[in-house]
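Protein chains: 4
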Amino acid sequence: MVQENDFENGLRDDLKPTYRAVSIGLEELLHKTIPVLDHGFIRVVDYMGDDAAVVQAARVSYGRGTKKVSEDRGLIRYLMRHSHTTPFEMAEIKIHVKLPIFVARQWIRHRTASVNEYSARYSILDKEFYVPDAANLAAQSANNKQGREDAPLADNGWVLNLLREEAERSYAGYNALLNVSEEGMVIDNGRVGIARELARMNLSLNFYTQWYWKTNLHNLLNFLRLRADPHAQYEIRAYAERLLEITEKWVPLTYDAFKEYKLGAVTLSASAWKVVKSQLVGKSISFDESGLSQREWTELMSALKDE
Amino acid sequence: MVQENDFENGLRDDLKPTYRAVSIGLEELLHKTIPVLDHGFIRVVDYMGDDAAVVQAARVSYGRGTKKVSEDRGLIRYLMRHSHTTPFEMAEIKIHVKLPIFVARQWIRHRTASVNEYSARYSILDKEFYVPDAANLAAQSANNKQGREDAPLADNGWVLNLLREEAERSYAGYNALLNVSEEGMVIDNGRVGIARELARMNLSLNFYTQWYWKTNLHNLLNFLRLRADPHAQYEIRAYAERLLEITEKWVPLTYDAFKEYKLGAVTLSASAWKVVKSQLVGKSISFDESGLSQREWTELMSALKDE
Amino acid sequence: MVQENDFENGLRDDLKPTYRAVSIGLEELLHKTIPVLDHGFIRVVDYMGDDAAVVQAARVSYGRGTKKVSEDRGLIRYLMRHSHTTPFEMAEIKIHVKLPIFVARQWIRHRTASVNEYSARYSILDKEFYVPDAANLAAQSANNKQGREDAPLADNGWVLNLLREEAERSYAGYNALLNVSEEGMVIDNGRVGIARELARMNLSLNFYTQWYWKTNLHNLLNFLRLRADPHAQYEIRAYAERLLEITEKWVPLTYDAFKEYKLGAVTLSASAWKVVKSQLVGKSISFDESGLSQREWTELMSALKDE
Amino acid sequence: MVQENDFENGLRDDLKPTYRAVSIGLEELLHKTIPVLDHGFIRVVDYMGDDAAVVQAARVSYGRGTKKVSEDRGLIRYLMRHSHTTPFEMAEIKIHVKLPIFVARQWIRHRTASVNEYSARYSILDKEFYVPDAANLAAQSANNKQGREDAPLADNGWVLNLLREEAERSYAGYNALLNVSEEGMVIDNGRVGIARELARMNLSLNFYTQWYWKTNLHNLLNFLRLRADPHAQYEIRAYAERLLEITEKWVPLTYDAFKEYKLGAVTLSASAWKVVKSQLVGKSISFDESGLSQREWTELMSALKDE
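Protein chains in written order, with UniProt numbering: chain A, 1 to 307; chain B, 1 to 307; chain C, 1 to 307; chain D, 1 to 307.
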């Protein structure tokens, strides 16, 4: 899953001593590029704190070493269960991400983060664009207005060809507008190209951009809850799933509590909770009495049967 | 500058009574679409507060009518001058904006705002794309790595043609991927199109999107300071300039103070201020003694000569 | 519940016409002071938007009048149920609050709000301090380390006397440090008092302060979920309960959805959900098999029995 | 300036290896308590990044080692000068602070930070309160409505006595309400004390609290610009000044740029800048022609004379 590459730039050549908290799990991954989609990646650039940082903030005046790990685990589960979120803000992570622009447009909606993005006003974007695997090409979902079907398209050759050709053409137009060759060399044809900030408008949304993204653990978990969800678009979910693995390496106790109390938890509305409780004592509430909408009823009945 | 259109939808047909503060200047503009660029617009959808709301918050326990307008003006100038920014957070505005995607990507970097954007996962985007006026087509700036020259391109016909043809083609590819006609009708050709969330990746960055954007007056002024600046890209500046006019109608006292103490103000570094003061008493500090970089020195000397 | 008072200052004397959305329910309350605790209050100063503003943002390009109220209700419930929170950011409220300093210290932890507080550096604080009703004086809770018992103290006279005497004394010390009489007049005794910013440190945390507080509907609901909760300290809950009533008047559809999907909802951890589902099919998971802590198990069993 | 104490708890006993950026200057200070006021302190608990982190984010795709330090310095000064603030968000610091409650109330107004405070609902506060040095006791300022005179009070004995006696009494009342001895032992007198969350309301605002506070470098500099300013109340300025020293150790290049372009910089309004430029060419604008208020004119003339 992890590959070495240029971005490491010797960053893993020497270890430096520090008095700070160290996450041994995350140190293993630090600076390594983790591939996502066809040309994207995630690379952890820096971090601050670990599970103990969460515990330490919750205890405030307690020193790090004064409690056993078993108690740390219990405290973290308590905090997660009761949505005491502020201690989870006390750990921080910074990643370098390469991602298609249409994914970046979803990602940036998470506002409580710091971002520095590659500037296409300042530099020329590389010729790298996203084309889905055939397995991820699917028709519009019949019952989800903002998603795709699970089963891939039977006939996908024409789609893949079209996406590739159009992206090639889009980049060729970009070069023509800049009046440069694909290698970025100015073409001597008597023409003057337009500014980079203008030419970029010709690129399509599947071209890759990259950025540094920094957020705290609490906001990272919010991101993961929304973006590792099956309703999230596959392309951003691919990043969220790698980030889940990174989170597990970084803060294993927090990750376990997150799975138990957030990712795997079920929230029942006031009316749905009444239906469940009545079933348990054998006097079932009917759909008509329930106050649930048809869709809520169907989803609840299906969830109750789910293994 | 203002045109009626569909979005008004009868919203200006009836006036309702309210006990709230009312900005007469902004009521005139409410719901009207103000054109920007070739297909974009700004439309004020709602607002809360006026100049008096700023004053009221600054005085906290003072009622609205207890002071004269002349004192309100002085207080607003005092607050702006000393960067006492919290009272300016007490007024709020909500606008509906139609804008090219590459402009939306710059705009969204202002994080302290609320946004609801048209979803291309849920609906098909219209065939509307931005092509600059010939007057705004320019070469890469020679001395600003992230801008364009002031003078427009002499030879621009090929650029305009290329941008139009490529956008047409980009939209045709989008339709083909969805397997729909330009009117959005499914084409009966035996093919199954891909989901909207996938097809959109073929669109270029000059296609228009739209959103509701809501922010407070303090953050609006920050936006304007950065985006109405000559260094901002022309296309977002076009929106910022309309917003400046809207701000003037809404909160005229705040607008005047903003021009005097922010937009038109000059900040001198510690070293530059020493140079200016020494010149005033006739014993000039030389470039070598100044501690300024070459660029800072040139800019200071030019600013001092500027009429 | 509502009383007229000085702060209204004629603000309800005249109605002005507006093209904006108007909440008839909230207009009735606007500017009126709603008493809380012994000397506190909440007063709605301004607002922006209503239930329709939430719907409008969710639909973005749809006009206000195009859908029926029944569909608005369904959409708002859908948004609330699925935690699509951004449309709820599109409505805004501003309130004037008078509250004890120790309550203000809890309240201010909600960061996504705008605040202008009465400045005790600038002005002298009034002699107003909070003393609980006898009904709200209780011993430290035996099973909640950060709460009090439900039953009030049997013997409370000494407590009430102590609190009153100490607050009187605290204010007398404040006056002495300022070298002013209780009416704020300088005392001619040859002494020079200390600055207001210093003297205030002698006041106790039950003295009242006041502020303007402005937030959007989404963040207001977050505030209410935490502060109208039975685990919140009674004194801040008293404010949250008034705010719940205000919210119901302002955005009745959102309020109903909030009760159904947030306030009255139940969240079960992954393990607890397994226990419930196994009970429904008659093959109960025991405590030992459940993976729940003793406390979680007890709470779940008690919740299932709860009528 | 630095003293060892209990909070270190062996945290400086062993160095661990890391692949992260390390600030040698800040490692020296890590975990050590730096005294502030009579009983307060600042203790750096953790940090992320250094000057190079700022540079790295600005360059995005450039690796750490590729540029010389001289170029880093130039880039940081460029970013600071032009208020390109996002790269400064890429470094983070976490401190443990002990501070009087009235200082905490000012500090918390900086919203873009994470905070975990000692809970007086959960635990009993120690008997530690702030009493100013005689040198910092001063009368209300004659020309600054929210400050104190520079010269200390001649007659201060009665003030110091009053503050001490009142704080002692305040804490005795707190103990009485809890029905505990000064050592926190329950007193066997037949009385039942009230809950901690209630008893705390009797404490005065000069009692010490403590918290973990975490923020990024950009927001730290904003805090310092406001709170290290001569107009800030002395008691919070005392903390800001220690934080300035910490910042210099942590990110020396950023610190220097901050002094040059922010702390030591001068901002002139549009009108004031015209006055200065006209003086430089020998044709002075008079006060009447200037558009400045009397106070602005006086301050400008005095600034120009200032050595």
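Treat each hint with caution, since some may be false.
Identical copies go unnamed one by one, so any copy, or any two together, can satisfy a pair.
[Said to hold, decoys possible] The calculated lysine-lysine pairs, modelled on DSS-like cross-linking and capped at a C-alpha distance of 30 Å, are:
#1 249 x 274
#2 262 x 249
#3 145 x 127
#4 305 x 127
#5 283 x 259
#6 283 x 145
#7 145 x 259
#8 127 x 32
To be clear, the hints were calculated from the coordinates, so they are not data collected in a lab.
Values in this document were obtained by computation on a predicted structure and should not be read as measured data.
We went through each hint and held it up to the structure:
1. 249 x 274: between (39 Å within a copy, 27 Å between copies)
2. 262 x 249: within (18 Å within a copy, 32 Å between copies)
3. 145 x 127: For residue 145 and residue 127, only the inter-copy Cα distance (21 Å) is at most 30 Å; the intra-copy one is 32 Å.
4. 305 x 127: neither (49 Å within a copy, 46 Å between copies)
5. 283 x 259: Intra 33 Å, inter 25 Å, cutoff 30 Å: inter-copy only.
6. 283 x 145: Classified as neither; 36 Å inside a copy, 38 Å across copies.
7. 145 x 259: both (28 Å within a copy, 27 Å between copies)
8. 127 x 32: within (23 Å within a copy, 42 Å between copies)
Going through the hint list in order, the structure does not satisfy hints 4 and 6.
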